[in-house]
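Chain by chain, the residues:
Number of protein chains: 2
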Amino acid sequence: MRAIAPLLAVLSLATAVRAAEPLASWNDGRAKKAVIAFVTKVTKEGGPDFVPVNERIAAVDNDGTLWSEQPTYTQVAFAFDRIRHLAAKRPEWKQTQPFKAVLEGDMKAVLAGTARDRVELIAASHAGMTPEEFETIVKEWLATAKHPRFSRPYTDLVFQPMLELLAYLRANDFKVFIVSGGGVEFMRPWSERVYGIPPERIVGSLIKNKYEIRDGRAELIRLPEVEFIDDKAGKPEGIQRVIGRRPIAAFGNSDGDYEMLRWTLSGSGPRFGLIVHHTDAEREWAYDRHSPVGRLDKALDEAPERGWVVVDMKKDWKVVYPFQLPAP
Amino acid sequence: MRAIAPLLAVLSLATAVRAAEPLASWNDGRAKKAVIAFVTKVTKEGGPDFVPVNERIAAVDNDGTLWSEQPTYTQVAFAFDRIRHLAAKRPEWKQTQPFKAVLEGDMKAVLAGTARDRVELIAASHAGMTPEEFETIVKEWLATAKHPRFSRPYTDLVFQPMLELLAYLRANDFKVFIVSGGGVEFMRPWSERVYGIPPERIVGSLIKNKYEIRDGRAELIRLPEVEFIDDKAGKPEGIQRVIGRRPIAAFGNSDGDYEMLRWTLSGSGPRFGLIVHHTDAEREWAYDRHSPVGRLDKALDEAPERGWVVVDMKKDWKVVYPFQLPAP
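If you read the sequences in order, they're chains A and B.
Residue numbering for the first sequence follows the numbering used here, beginning at 1 and increasing consecutively.
Residue numbering for the second sequence follows the numbering used here, beginning at 1001 and increasing consecutively.
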């Protein structure tokens, strides 16, 4: 019975998800219909577009696609807090960019930096410890830090409709991977709890780890060096490296996801691409072409000709965050 | 019923594996007892050594641990065949090492090279195509190439006792990953069929991929550049990058697995390390300290003090290959 119990639990969960209306927080528009049509056709055994279970790979961006990325990426907020915490022991940071800007609270100067600047900042503020020690630091920060606008833990700012999308994909035997420009070790400590996505299903940016013996024990030590940036063309490269198969569906929200969507949809057979367009200043934020965070320009222009579904957050989503759901 | 059918299939399979004696092709010695004792204690709910399902990560080397690596690594045999095939269009290879040695059949010169030499050779002979095209080439080669000693497909030379070990771990809800010095894209085309391990559960050496647009389609192109060598200290680094958690069990056969075993066993809580010692010249090969392929020296010396189980292939395994099994 011991071996059967977990399977029955999975069975109950799958049944519960399927019994409920899929994508319940999505309005009945073009986006919802397109998601359901795609999943229905690739799971229809014997149908012309059937995709075997082991090839049902979905790649989903994190910042701006699964949770809010304003006023800046959550990992940047974490890095800033961490740099302030470490600054007492690093007096030279007061004179060195980009640390100086962080310590002076000059967000504009920090945001004006390149993606590599941001990752360098993150790397420098995240290094010199084992991955396990870093995991503890991330968990402690998430347990106490509050989002400046909503005064809630950052992990409350996940998108309810996207949680339902993840559940719908899983109920249809998709393997769902996060593919994010963010640091992979920043997401792993909480992705299973918040999204149901385990650590080994996250593709992200990397800093270098170095194997060494400390007090007779073998450890990895995080170095302040960027190894890989999982953004733009890095996304397909990161997917191939970690997942080893071209996804059949990709979900993003910015030009950083452009190459991932193009590569996904360049494969043969049925393919699906979706972009979350942030159009809701009241419930979340409204931004696209001129945003320093999550800029969406080229991908928005080309979405129609490439057949990518564009979600209009304001029109397509009944609620944005789980805490906005009506009480049951 | 559609959603339930695959779950029932999993249930039947799990039941079948559990109904049969686990590790049936292992003699009843210290190694088999140690494997069963470890798996039993980490799966005993409420016991002092219980490990939750999501932390049951096992890392298993491939060459020499899951299949034979003599007279040379299978991927090297593939690369040599591929270089011979491509040589007509690369006349300069006749004058350039290490290609010259390959074309002249001078195995000694090739084997005298470093690990990086070998991977460079592999990279140069494997590049200039998409991962999907490379997959096709690997599959075609495996369908026709024969191992020089056994005159059988290379994938027949997997170790029956290790297939049973993989099944036993899976039946106990372990997530099993291959962690190999070999190229990840060389293993992915057949690992699911042969080992039941899907492409995303393989950590291995990498060559660079470059995103580009070809005839209006987005593709990755394999470049003749080594990106990462997943050997020695590279193994823990590769595991952290892809899996994101320290395994609780590691299985290897050479000094290339030393750092992976040390790192695995340096974690807190119950841990397990195992080394396959090739002691059977009659049924397979006998080699260790002086072998140019799969050298086992330091790891063999330190195994007793570190508590690593050493499998004596000749004594511990009833059969080596599946084709040696008695007819049912």
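Derived by calculation from the structure, the hints in this document are not laboratory data.
Be careful, since some hints might not be right.
Cut-off 25 Å, straight-line C-alpha distance, at most; resulting in silico cross-link-like pairs (SDA-like, lysine to any residue) [unchecked claim]:
no. : chain 1 : residue 1 : chain 2 : residue 2
1   : B       : Lys1210   : A       : Glu225
2   : B       : Lys1232   : A       : Lys175
3   : B       : Lys1094   : B       : Lys1210
4   : A       : Lys175    : B       : Val1053
Now the hints, each set against the structure:
1. Straight-line distance between C-alpha atoms of Lys1210 of chain B and Glu225 of chain A comes to about 22 Å, which keeps the hinted pair within the 25 Å bound.
2. Proposed proximity of Lys1232 of chain B and Lys175 of chain A is contradicted: the alpha carbons are some 30 Å apart, above 25 Å.
3. Taken as a hint, the Lys1094 of chain B and Lys1210 of chain B pair is broken in the structure, with Cα atoms around 28 Å apart against an allowance of 25 Å.
4. Between Lys175 of chain A and Val1053 of chain B the alpha-carbon distance is near 18 Å, which keeps this suggested pair within the 25 Å criterion.
Hints 2, 3 from the earlier list are contradicted by this structure; the remaining hints agree with it.
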